[in-house]
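Colleague: One letter stands for each residue in the lines below.
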Amino acid sequence: GENVEQHPSTLSVQEGDSAVIKCTYSDSASNYFPWYKQELGKRPQLIIDIRSNVGEKKDQRIAVTLNKTAKHFSLHITETQPEDSAVYFCAAKNNNAGNMLTFGGGTRLMVKP
Amino acid sequence: DTEVTQTPKHLVMGMTNKKSLKCEQHMGHRAMYWYKQKAKKPPELMFVYSYEKLSINESVPSRFSPECPNSSLLNLHLHALQPEDSALYLCASSQRQGSYEQYFGPGTRLTVT
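Chains Z and P, in that order, give the protein sequences.
Quick note: the first sequence uses the working numbering, first residue 1199, plus one each step.
Quick note: the second sequence uses the working numbering, first residue 147, plus one each step.
Treat the hints with care, as some may be off.
Stated by the list, open to error - Below, computed lysine-lysine pairings styled on DSS-like, alpha-carbon distance capped at 25 Å: (1) P/K199 with Z/K1240; (2) P/K187 with Z/K1240; (3) P/K186 with Z/K1220; (4) P/K168 with Z/K1220; (5) P/K187 with Z/K1269; (6) P/K184 with P/K168; (7) Z/K1220 with P/K184; (8) P/K168 with Z/K1310.
As the list claims (entries may be wrong) - Residues of chain Z clear of chain P, computed beta-carbon distances all greater than 10 Å: (9) P1206; (10) A1217; (11) P1242; (12) L1244; (13) D1247; (14) N1251; (15) E1281; (16) M1298; (17) G1302; (18) G1303; (19) G1304; (20) P1311.
Derived from the structure by calculation, the hints contain no laboratory data.
No experiment lies behind these values; they were computed from the predicted model shown.
We treat Cβ as the ideally placed atom computed from N, Cα and C, and that holds for glycine.
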């Protein structure tokens, strides 16, 4: 089945700096890669996603890049703010796995004011 | 209505109790999911319902019993749980099974004593 690895597990940045979180996946049949943000005690919220026919997608301060050849995708947050502090999960959707999402292990991002 | 709702928010139950978790969505989604999330871990898929029929059971113990009474409602019946079943139980929905976007409810924090 699909295996998604996420790095780093924790990331601490100064307010205003950029943050990058990386994920790798194992199955080249995966075709959809969402990113979820989960604040403490709250639900995972879809913040951005990318499909396999696109290499990059941007939404204000967040962007996601996908390298299908290398089977990795990354989340980029620019001009970080304290409210960006949360746990971020990447995921991959794979038609061979019942179209289900396989999640990475999560990254705890701390933005210091 | 663009939200998935869950009740109760918190639940404490003994190992001999029977309780139910409820999930509701009014987005016209025909796929609904139960996930279990332990602290500092990603959501772990338990069950998938597609058009009110159980589509995927990820080898979940029979002390967890899902039910989908109609296209808007999803229940999870709990009986004879163990302390290790304590976790955040998340419901999610998507337009169809395998649709790209999955939306999560706020979860039920379950403690088994």
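Colleague: Compare the structure with each hint and give your call.
Modeller: Results of checking the hints against the structure:
1. With a C-alpha separation of about 28 Å, the suggested pairing of P/K199 with Z/K1240 is violated against the 25 Å cut-off.
2. A hinted pair counts as satisfied when its Cα atoms are at most 25 Å apart, and P/K187 with Z/K1240 qualifies at roughly 14 Å.
3. About 18 Å separates the Cα atoms of P/K186 and Z/K1220, which keeps this hinted pair within 25 Å; it holds.
4. Under the criterion of a C-alpha separation no larger than 25 Å, the hint pairing P/K168 with Z/K1220 is inconsistent with the structure, at around 35 Å.
5. For the proposed pair P/K187 and Z/K1269, the alpha carbon gap of about 23 Å is at most 25 Å, so the pair holds.
6. Between the alpha carbons of P/K184 and P/K168 the distance comes to roughly 19 Å, so the proposed pair stays at or under 25 Å and holds.
7. This hinted pair checks out: Z/K1220 and P/K184 have alpha carbons roughly 22 Å apart, not beyond 25 Å.
8. Restraint check for P/K168 and Z/K1310: not satisfied, since their Cα atoms lie roughly 38 Å apart, outside the 25 Å limit.
9. Against the 10 Å criterion, Z/P1206 stays outside the reach of chain P, whose nearest CB is about 14 Å from its own CB.
10. Even its closest Cβ contact with chain P, about 19 Å, leaves Z/A1217 beyond 10 Å, as expected for a residue assigned away from the interface.
11. The Cβ of Z/P1242 sits about 5 Å from the closest Cβ of chain P, inside the 10 Å cut-off, so the non-interface label is violated.
12. Annotated as non-interface, Z/L1244 brings its C-beta within 10 Å of a C-beta of chain P; the closest such distance is 6 Å.
13. For Z/D1247, the requirement that its beta carbon stay farther than 10 Å from each beta carbon of chain P is not met, with the minimum near 7 Å.
14. Here Z/N1251 stays apart from chain P, with its beta-carbon at least about 12 Å from theirs, past the 10 Å limit.
15. A cut-off of 10 Å between C-beta atoms confirms that Z/E1281 is not in contact with chain P; the least separation is 18 Å.
16. Against the 10 Å criterion, Z/M1298 falls within the reach of chain P, whose nearest CB is about 6 Å from its own CB.
17. In this structure Z/G1302 is not separated from chain P by more than 10 Å, as the shortest Cβ-Cβ distance comes to only about 7 Å.
18. Listed as a non-interface residue, Z/G1303 fails to keep its Cβ farther than 10 Å from every Cβ of chain P; the least gap is roughly 6 Å.
19. The beta carbon of Z/G1304 is not kept farther than 10 Å from every beta carbon of chain P, the shortest such distance being approximately 6 Å.
20. Every CB of chain P is more than 10 Å from the CB of Z/P1311 (nearest about 24 Å), matching its label as outside the interface.
Hint compliance for this structure: hints 1, 4, 8, 11, 12, 13, 16, 17, 18, 19 are not met, and every other hint is.
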